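The primary structure of each chain is shown beneath.
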Amino acid sequence: MKKTQYKTFRETVYHFQLHGRLDVYLIQKPDYSKTYVTLSAPIGSIHRRYRDEKGEVKEAPSGAAHFLEHKIFERDGRDISEDFSLDEAQINAFTEHHRTTYLFSATNHVLQNVERLFEAFFFPEFTDQGVEKEKNIIAEELNMHLDDPYYEQYHTLMRNLYHFHPLREDILGTKESIAAMSTADLRAMHKAYYQPEKATCVVVGDIDPYGLQERLEQRVKLPEKTMFEPLSQPLEEPAHVKKPRESKELDVLLPSVLVGVKFLPEMHMDVKTRIRERLSLSILMSLLLGKSSDVSEAMLDAGEINDTYGLDVAVEDSYAHVLIGTETEKPEAFEASLLEALKNFPEATITDADFRRIKNQLVGSFIHGLDSLEALAHQFTEYIQYDIVFYDVVEIAQSITKEEILSLARRLDTSNASRFIAKPKKA
Amino acid sequence: MKLTIDKHQNVTYHFITTKQFKSVQITLRFFDDLDEKSATVRHLMLSMLKAKNNRHKNRKALSRRLEELYDTSLSGVSLKLGDKHINQFGLNLINPDFVKNGRFFEDVLEVLQATLFDPAFDEKTLREEKQFLKDYFKAEYANKSRYAAKRYRDQLFENHPNRINPLGAMEKIDEVTMEEIEAAYERMVRKNPLMISVVGDYDQASMQERLRRALPFETNEALPKRFFARSPFSEKPPVRETMALSQDRLFMTLAGDIYYGDDAYFPMVLLAALLGEGGDSLLFRKVREEASLAYYINAHYRPFASIVSIHSAMKRENIDKAKALIEETFEAVKKGDFSDRSLELARQYLITSIKQSFDSPRNLSFIALRHQLLSMPFDEDYMLQQIRDVKKTDVVEAAKRLRWIFTYVLGSEDDEKDAV
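From first to last, the protein sequence lines stand for chains A and B. The working numbering applies: residue 1 is where the first sequence begins, and numbers increase by one. The working numbering applies: residue 1 is where the second sequence begins, and numbers increase by one.
Honestly, the hints are just simulated from the structure, not real lab data. One or more of the hints may lead you astray.
[Unchecked claim] To spell it out: a stretch of chain B is covered by chain A in this simulated footprint if at least three of its residues, at any positions, have a beta carbon under 8 Å from a beta carbon of chain A; those stretches are:
| # | segment |
| --- | --- |
| 1 | 19-25 |
| 2 | 137-143 |
| 3 | 240-247 |
| 4 | 357-370 |
Nothing here was measured: the structure is a model prediction, and the numbers come from that model. Cβ coordinates follow ideal geometry from the N, Cα and C atoms, glycine included.
So here's chain A without its partners, still in its complex pose (with noise of 0.2 Å):
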């Protein structure tokens, strides 16, 4: 058991390797009443490819990360999300781009329920009933989010921006891919990916961690190894978007704007550079874009933009964006105003108060976030996939250059920009 405790933050974290296979991570949070538990698979939407026992390459349909979600917790023909709640616990999951992730909260009986979460993501029980069941629930869902315009404004961004990528796929699959699915699919997927060495535990609230480690390393086995590997899509993608621009009319009563502006990761960047162009963007955008900015303001004041205006950075191993966008009578000045800003960006505006400024205010935003034990608990599986702690995060922010935000601003190329207005339909 390694103990490190961060005196800045006044917190402390215990790692242990469960049967040295797996990272538990224990963040320890007094006077808390609930404790909260993630246990996460390197797998989402972006991932449908495997090697299975025979050393055979094979794609799953699209959408099987999301749901291999949904059958989890099924055993026997029956939810065990029941068992969770007779003993104090809220369950729950959710499917990323590149991560599924599943987690309670608990007010009592923790140990107990941190066990029954490992069985249900070690060892599930599909059945062909149960999939079959699922496939109405999850046209559903999709269903759904087909109502929403936005969810089809970001969709058809995502396609628009990207030539091959995963990315262009939906979280959820298309009806087709839904309807496809089949059992043996769902088990693949989950031996390939599942696998204890590649999942992470993280655990946030009150409890004795050597109780913790105790009761795991006697009580919770972990399945053998197998010959099911995981593997990328193999990506060729281009540094250009496939379509800079698209409109469509969709059911909305003001029009509404994306741009996104794409970036190539550099291959076989290291992870450490790689966080940190994560974070420098961040600053960038901050510093260029954000709502205390001078574009910002200007945009307000040519009624460009309104209060839904905002940015959102991406960076991860395969791909890398920003996305802004708001609602606005005007996309079309709203686009020309972004480019411009990003084009020629006027490097002297950005004085040393203002990079000063930025940064206190990642130090708070830091700050306020561990008073959330569900965001400390994503932020530190996000941030330990790099073996990078949490806690170290801020330093590493703050030992970012000023120099470092203008070169990187320089790279910014806005010909690889794409936007989508979705607009009102007309009458």
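Starting from the known structure of chain A, fit chain B onto it as the hints suggest.
This is chain B only, laid out in the frame that chain A set:
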């Protein structure tokens, strides 16, 4: 964790001290009566106050100041509690112990002080906020689940205070004048009953003294004693509206006579959980897990109106099947035809939720409000005991006091895109 209530110049202070949190949350709630026009004015006024002030001359300057102050957030939201309107301001700052600058807390309080006492009302900001509010209402249409819920509420709560949106109404926005904004502001800071809560790890005496000094409210009225009227609902014919949709949205309504704080209040809370709160509820099991008709289904008890709303979404051809299943499930509950295990699952769901609510600064502030205004003790054990004491027969009796009054469907049009 400790709650201390203090009254000064008619202002009620709730000091909730706990070592759990690394942030300190200060919340101010100004109460007034709820009507459509004044809600619109009050919401616009609140939005203008949090946009800028005379010490932070524009939105950019205020945003930059807050960023500088370690991501302090200044929020302003309009809420309702029964038939009262609440203008709520929130200030969320990191605990000053993290900051070397000894003036940090004073700097943060200065922002709050400027927001509340040094407003910069001007036509440009009013125009912008009116536009934002119009855009907000227009965006309700784009999100079909939200739009369906709005249409449902509009019809169910016709002529009932619950119909009023605390943000106001689209058709009232253009009427609002600067004079009305200024008058509403004066009324808020000088007359509106006010409650201030502070949650976090701090020294109470020092906090009390600093807040009294920074926020010199002197003439505000006492807190209201009554928050809702008992106005029974009569049955309404079902409504089906249509638009281009992949999935129909279904709302079914039970009405009764059990309101907040009544003897049967906790049985009603347990009944709603049994019916449709969480993945172990009866409706979730029957409609989603057994019949695979829907992705979600939930039941929600509104104790100020004595209404239980059941909400789900599904293919058009499954609507009747789902309605029948929901009615059948409720009839079974009325006859006591449900297992002890189902009741225990609902009870555990509530127990877990109550315990968890004491881990959130926002919830703690609200629990203190409920304690003060609605006589619900600020005591986890009290609430847990109330839930534990509810018997199966109490739930059945509560169910018998409910009747179906209204069904609303926002459905797909004929020949619209085929659902999956």
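Which earlier hints can't be squared with this structure? Hints that this structure does not satisfy do not exist here, as all of them hold.
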